[in-house]
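Novice: Protein sequence lines, in the order shown, are assigned to chains P and B.
So that you can map any letter, position 107 of the first sequence is 107 in my numbering, and since no number is skipped, the others follow by simple counting.
So that you can map any letter, position 254 of the second sequence is 254 in my numbering, and since no number is skipped, the others follow by simple counting.
Where hints are given, some of them may not hold.
Since copy identity is lost for identical chains, a pair holds within one copy or between any two.
Listed below are the simulated DSS-like cross-link pairs for lysine-lysine, each with C-alpha atoms no more than 25 Å apart in a straight line [to be verified]:
id, residue 1, residue 2
1, K252, K319
2, K16, K252
3, K243, K225
4, K182, K319
5, K250, K183
6, K281, K319
7, K243, K213
8, K64, K25
9, K243, K25
10, K243, K16
11, K250, K16
12, K25, K127
13, K124, K25
Calculated from the structure, these hints are not laboratory results.
For reference, the chains in residue letters:
Number of protein chains: 2
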Amino acid sequence: MIKACPFGTHRVMEPKGTMPQAAQKIDNTMTIADNELLLDVMTLNIDSASFTQVKSACNSDVAKMEEMITGIVSERGKMQNPVTGSGGMLIGEVKEIGPNFPDKTLKVGDKLATLVSLSLTPLKIEKIKNINLSNDQVDIDGQAVLFESGIYSVLPADIPEKLALAALDVAGAPAQVERLVKKGDTVCIIGGGGKSGILCAYQAMVNAGPDGKVIVIEYSEENAKRILDMNLAHHVIVADATKPVEIYEKVKEITGEDVCDVVINNVNVPNTEMSSILITKDDGIVYFFSMATSFTKAALGAEGVGKDVQMIVGNGYAKNHADLTLGIIRDSEVIRELFEKLYV
Amino acid sequence: MIKACPFGTHRVMEPKGTMPQAAQKIDNTMTIADNELLLDVMTLNIDSASFTQVKSACNSDVAKMEEMITGIVSERGKMQNPVTGSGGMLIGEVKEIGPNFPDKTLKVGDKLATLVSLSLTPLKIEKIKNINLSNDQVDIDGQAVLFESGIYSVLPADIPEKLALAALDVAGAPAQVERLVKKGDTVCIIGGGGKSGILCAYQAMVNAGPDGKVIVIEYSEENAKRILDMNLAHHVIVADATKPVEIYEKVKEITGEDVCDVVINNVNVPNTEMSSILITKDDGIVYFFSMATSFTKAALGAEGVGKDVQMIVGNGYAKNHADLTLGIIRDSEVIRELFEKLYV
Ligand SMILES: NC(=O)c1ccc[n+]([C@@H]2O[C@H](COP(=O)([O-])OP(=O)(O)OC[C@H]3O[C@@H](n4cnc5c(N)ncnc54)[C@H](OP(=O)(O)O)[C@@H]3O)[C@@H](O)[C@H]2O)c1
Ligand SMILES: NC(=O)c1ccc[n+]([C@@H]2O[C@H](COP(=O)([O-])OP(=O)(O)OC[C@H]3O[C@@H](n4cnc5c(N)ncnc54)[C@H](OP(=O)(O)O)[C@@H]3O)[C@@H](O)[C@H]2O)c1
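Bound-form chain P, shown alone:
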């Protein structure tokens, strides 16, 4: 057993010298180094941007999707979508623990969700057992390796595994909302009807409080209605976030010229940067959680309309994000019910 790099660089095959996430190909041999963890994988939760891309490239044909996913993993040694660059996460059971893996409380047989992206996780798929087209989950027989620096959450006993997996996939988002939204703020959640959007809307309602205003922008009537029924926003706008001028006008009808203090972008489609920027007030904050965000479109877009807004890249990790997110599932009966229906 070799002593290996905490960040997993010893598994990078090409290009040499990069980190596992940036690598084209990593070594997915399922023999662990002394600081690694070996997992038997049960389910992959493919990142929404990636899953959407695979699904549309395969015209929702499950057999083709299977082939595409298996192809990516055998070519790259990890489930990193070559178009979106994104990954997802997984749940699995601990099979073997390297003697120098830092967490000494972990035991063989523990079930956990990885909180690092699949885009850097060595993975081997033996068999795809099921692809769930509606919730981005893929049941497999397979194995994965977690590096020393990899983070994870032992699955709680009181929440179904697949529900926990679905919620933890986007745990970074509500955790940031908790930090960014202040009492009395006007907040807009773009794509607020989706998985991360619902968690963000819940947290925004809590933080903004009774004097705040939470607006959700959603594409489908159905998801929009759900948000109002669940009481997760003060206002819901049904509109296409790729149409900035239309979005701007509709938000102004609610907020007046002032627009929003904080805008959270949770969509899973490209070209929504400008909408996010236009509806944020000067000195306001845009938090881009969407993996379909383009850096240059955001940077140049704000400059192009002379908007002095702070734009934050959605870090998937924040301290205590797993606890905060599982806390929402425990506290909100309506969200738990919905997520059980959708993900379990």
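We have chain P; now place chain B with the ligands onto it with these hints.
Specialist: Positioned in the frame of chain P, the structure of chain B with the ligands alone reads:
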């Protein structure tokens, strides 16, 4: 003369409904709407990431670069690099002012630098007169249009035009450093030897003060030496920022395990996200000014190593950024001398 959209959407040709920046093609007819400004253009300052791409695609052959630049502008109606998505800015002389253009103090004949990106500015090139391979400037005969929401800076009398152009191109960067760096901070400027890097290093030295620590990472020995000679950093590391583990080790030699409070990324090459993240402490800030930044590489990279850092997208605009930047040129004799040599 028609009354047109403040953001210039009336000039978008395809795809309809998008903003000028996102458009594939905009209308560069040089007849202005009543809220627009017409400029005779003297010099383009191509964004460094874009210029580097054009230069390398053409093997530094000036005739080929001329052809490529003219081709892009005639195809898209704007100088937006199709690979990097970025633009740059220009200096020009006011030729005609629409009666509803907001700034009533502006006069025909005033010289100004546009502070909105070329990636959304209607442009027509009649002739390329000179391409300066070493400073990204392209002298042309041509015309451009500024929208009602477009920002600009009238060129000051006490600073040579091309120097002002070069400095204003990156004015957003030192303005953000001024906001982000606190007294006593340990700051690292990656690509600190370049144009924006030098301005950021100067501002970081001012803000961090005598108890702070400013580290510059530079690729070339020459630029590194220049920074030390100019007294713009406490430490200079000569290294390749695309090699995260090497950078991490070298920074730790200076800072210890704590690494940096604030990291400013000013390089003009891809794949430096991970270096930036690894050398930032938990709760620290990474400011990505580089247009070669990949959103997903940053978002997933931080998660991948479990780093709770705030990552900010380099908005090209910040209130007073032009004044602050020209102020640095006025205050720092060494920077002014160097920039006169490089850009005038
Ligand atoms: N930064 C990170 O670390 C990280 C981690 C995980 C996921 N993510 C990203 O976060 C994003 C959201 O993930 P998720 O799981 O919450 O996805 P999701 O459940 O599929 O939600 C996406 C939502 O966006 C809405 N939407 C799509 N197109 C829209 C449009 N044009 N206008 C308005 N709304 C639109 C969808 O509405 P309809 O259903 O009506 O189409 C849906 O409600 C994805 O991009 C994902 O990749 C980021
Ligand atoms: N966000 C915005 O609104 C905005 C606006 C304007 C510009 N920008 C971007 O800001 C960036 C910097 O612009 P600039 O005009 O300052 O460019 P620049 O003068 O060319 O500076 C780039 C610096 O990065 C250094 N560098 C290149 N590769 C490196 C590596 N592998 N490791 C370490 N250092 C490396 C270069 O060193 P060598 O010279 O030794 O190679 C140079 O000193 C560009 O990406 C540009 O597109 C952003």
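Novice: Now tell me if each hint is right for this structure.
Specialist: Right, here's what the structure says about each hint:
no.	hint	verdict
1	K252 x K319	between (35 Å within a copy, 23 Å between copies)
2	K16 x K252	between (50 Å within a copy, 22 Å between copies)
3	K243 x K225	within (21 Å within a copy, 49 Å between copies)
4	K182 x K319	both (19 Å within a copy, 23 Å between copies)
5	K250 x K183	within (23 Å within a copy, 43 Å between copies)
6	K281 x K319	between (28 Å within a copy, 13 Å between copies)
7	K243 x K213	within (22 Å within a copy, 45 Å between copies)
8	K64 x K25	within (22 Å within a copy, 35 Å between copies)
9	K243 x K25	between (37 Å within a copy, 17 Å between copies)
10	K243 x K16	between (42 Å within a copy, 10 Å between copies)
11	K250 x K16	between (50 Å within a copy, 19 Å between copies)
12	K25 x K127	within (20 Å within a copy, 46 Å between copies)
13	K124 x K25	within (13 Å within a copy, 44 Å between copies)
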